[in-house]
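A.B. asks: Okay, here's what each chain looks like letter by letter:
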Amino acid sequence: MIQLRDVTKEYPGGMLALSHVNLDIRKGEFVFIVGHSGAGKSTLIKLLYREEVPTEGRVFVAGKDLTRMRRREVPFLRRRIGVVFQDFKLLPDRTVAENVEFALRVTGYNGRDAKRAVAQVLSMVGLKHRAGAYPGELSGGEQQRVAIARSLVRNPDILIADEPTGNLDPDTSMEIFRLMERANRYGTTVVVATHARHIVDSMRKRVIELRNGTVVRDVRRGAYDD
Amino acid sequence: MRYTLVGYVFSETHKSIWRNRMSSFLSCGTTALALFLLGVAIIISLNLDYIFTDVERQLEIQAYLKMETPDEEAAALVKMCEGMDGVAGVRFVSKDEAFEELRQMFQDKAAVLEGIENPLPASIRITTLRAEDVPKVVEQVKELPWIDDVIYQEEASRNLAVLGRVTQALSLGGTVVVGLVAVTVIGNTTRMTIEARRHEIAIMKLVGATDGFVVGPFVLTGIVLGILGGLLGAGLCLGLYNYLTESLGKVLPFIPILSLSREAILNITGILVLTGVAVGTLGAALSLRRHLDV
Ligand SMILES: Nc1ncnc2c1ncn2[C@@H]1O[C@H](COP(=O)(O)OP(=O)(O)OP(=O)(O)O)[C@@H](O)[C@H]1O
Ligand SMILES: [Mg+2]
Numbered sequence: 001m002i003q004l005r006d007v008t009k010e011y012p013g014g015m016l017a018l019s020h021v022n023l024d025i026r027k028g029e030f031v032f033i034v035g036h037s038g039a040g041k042s043t044l045i046k047l048l049y050r051e052e053v054p055t056e057g058r059v060f061v062a063g064k065d066l067t068r069m070r071r072r073e074v075p076f077l078r079r080r081i082g083v084v085f086q087d088f089k090l091l092p093d094r095t096v097a098e099n100v101e102f103a104l105r106v107t108g109y110n111g112r113d114a115k116r117a118v119a120q121v122l123s124m125v126g127l128k129h130r131a132g133a134y135p136g137e138l139s140g141g142e143q144q145r146v147a148i149a150r151s152l153v154r155n156p157d158i159l160i161a162d163e164p165t166g167n168l169d170p171d172t173s174m175e176i177f178r179l180m181e182r183a184n185r186y187g188t189t190v191v192v193a194t195h196a197r198h199i200v201d202s203m204r205k206r207v208i209e210l211r212n213g214t215v216v217r218d219v220r221r222g223a224y225d226d
Numbered sequence: 001m002r003y004t005l006v007g008y009v010f011s012e013t014h015k016s017i018w019r020n021r022m023s024s025f026l027s028c029g030t031t032a033l034a035l036f037l038l039g040v041a042i043i044i045s046l047n048l049d050y051i052f053t054d055v056e057r058q059l060e061i062q063a064y065l066k067m068e069t070p071d072e073e074a075a076a077l078v079k080m081c082e083g084m085d086g087v088a089g090v091r092f093v094s095k096d097e098a099f100e101e102l103r104q105m106f107q108d109k110a111a112v113l114e115g116i117e118n119p120l121p122a123s124i125r126i127t128t129l130r131a132e133d134v135p136k137v138v139e140q141v142k143e144l145p146w147i148d149d150v151i152y153q154e155e156a157s158r159n160l161a162v163l164g165r166v167t168q169a170l171s172l173g174g175t176v177v178v179g180l181v182a183v184t185v186i187g188n189t190t191r192m193t194i195e196a197r198r199h200e201i202a203i204m205k206l207v208g209a210t211d212g213f214v215v216g217p218f219v220l221t222g223i224v225l226g227i228l229g230g231l232l233g234a235g236l237c238l239g240l241y242n243y244l245t246e247s248l249g250k251v252l253p254f255i256p257i258l259s260l261s262r263e264a265i266l267n268i269t270g271i272l273v274l275t276g277v278a279v280g281t282l283g284a285a286l287s288l289r290r291h292l293d294v
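Order-wise, the sequence lines are chains A and L. Residue numbering for the first sequence follows my numbering, beginning at 1 and increasing consecutively. Residue numbering for the second sequence follows my numbering, beginning at 1 and increasing consecutively.
For reference, chain A alone in the conformation it holds in the complex (with noise of 0.2 angstroms):
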């Protein structure tokens, strides 16, 4: 499902953020990617869904070659790559299912069945109650829960997320992490960059770890620290 082959990326201005990093994540993973403040993380989780581009090596994503993908294509990859992100991102001026519905709307989905998409969706994720709800209406577990409703409405191959519990205390976050293993069952593949150790610890996944931009730990049922 993603593969990275010898993969350099240096900003522009000389940050080299990560250096020859090679990784296969196989469909149906689910994937902690760890490691201290600019180790790479987000620089990684960017070059999946196409925000960078590497300076050297080759990403695959869900049997496409990113590096030499067309503009025009990449709207079409990212409608099979959920993303999550610290800050939610929601729009504060929609309701939560206008927000989860604005992912179908203008990728050219809408009526019916986009209206039965959402609702279930919503809840999956537990908040078909708050529905009508505004984003600043809601805590910050529950807005992140409509990130990743809107995130998986569209039924991703992938589920990307960069450190999706940073603005969460432990229990939120322990549900957030609940919600995503919940989608890996139902066949999709997860990549989740943290820094939450304890839940890392608790839920025994494939861990990659990275120092200085160079993968250090690659294993099964890792923990947060080795």
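Think of the hints as simulated: they come from the structure by calculation, not from any bench. Just so you know, not all the hints are guaranteed correct.
What the hints assert, rightly or not - List time: in silico DSS-like cross-link candidates among lysine-lysine, alpha-carbon distance up to 30 angstroms:
hint	chain 1	residue 1	chain 2	residue 2
1	L	Lys15	A	Lys115
2	L	Lys79	A	Lys89
3	L	Lys95	L	Lys136
4	A	Lys64	A	Lys27
5	L	Lys15	A	Lys128
These numbers were taken from a predicted model, which means no experiment stands behind them.
Chain A is fixed; fit chain L with the ligands onto it per the hints.
C.D. replies: Relative to the frame of chain A, chain L with the ligands by itself:
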């Protein structure tokens, strides 16, 4: 599930104009003002054309022939005049016709001319294509044989030519300046909308919206504002002109003012609306190119 770019763009445009009704109103108003000025320029130039053709018709060069000029020589002279650059029409007026003109000028008192032998020479009357051609043609006519005297309104024709050129340049320059202002204003409105929607646009791109969905509403908003501005500008300048012709016509009935035909009104409206569309599209497109990575 239906693919509905058009539906999406229209509903977003409608919402975006309403949501930003203040700046929409502003840019629509400025565009209307710009196109109003363009409309005024068009109407002025139509009127100048109308006045000039009227006056130019009176700017006839009169070349008087010597009394003894034989008829066949006169005919040859007419041919020569017809061949000159800038000449629109040549008319030969014989001695008899000149006398008839005189008789008509005296009208009911024509009796005083009875029994008088015709004192008038034959003449060649020349009209030019443009007022500024007059001096050049006069120079050539003076060189011809059998010509006794050439009469024309030198001052008037020079002034008219200059006035014509100046107004043309002014209205053209005004149109360009005013058009640029309108493009800038629409571009600015687009930029403000982009700034207000940066967050939303980022999310659109994140969830896989194509460029059409991202820029479509902006471009259509520009076009709609341009159309509204064009209609408003056309209504303003046509209404004002109509009012002026009616009130001026009563006070100063002898002033030559063109009354616009239905066709002219439709043409002016069409030109203004199309210019509005061009202005709106250009303003939106330039702004999108500068402020959005598409
Ligand atoms: N757009 C950018 N331009 C220049 N340098 C950048 C850019 N983004 C990141 N970097 C640099 O690249 C390195 C890796 O950054 P990255 O954001 O990938 O780290 P991270 O592992 O996500 O850190 P954190 O845990 O703090 O989020 C850092 O040194 C950072 O300063
Ligand atoms: Mg980061």
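A.B. asks: Now tell me if each hint is right for this structure.
C.D. replies: Now the hints, each set against the structure:
Among the hinted pairs, Lys15 (chain L) with Lys115 (chain A) is consistent with the structure: their alpha-carbon atoms are about 20 angstroms apart, no more than 30 angstroms. At most 30 angstroms may separate the alpha-carbon atoms for a hinted pair to count; Lys79 (chain L) and Lys89 (chain A) exceed this at roughly 85 angstroms. Simply put, Lys95 (chain L) and Lys136 (chain L) have alpha-carbon atoms about 27 angstroms apart, close enough for the 30 angstroms limit, and the pair holds. Distance restraint check for Lys64 (chain A) and Lys27 (chain A): the Cα-Cα separation of roughly 14 angstroms lies within the 30 angstroms cut-off, and the hinted pair is therefore satisfied.
For the hint pairing Lys15 (chain L) with Lys128 (chain A), the CA-to-CA distance comes to about 27 angstroms; that is within 30 angstroms, so the pair holds.
In summary, the structure is inconsistent with hint 2 from the numbered list given earlier, while agreeing with all the others.
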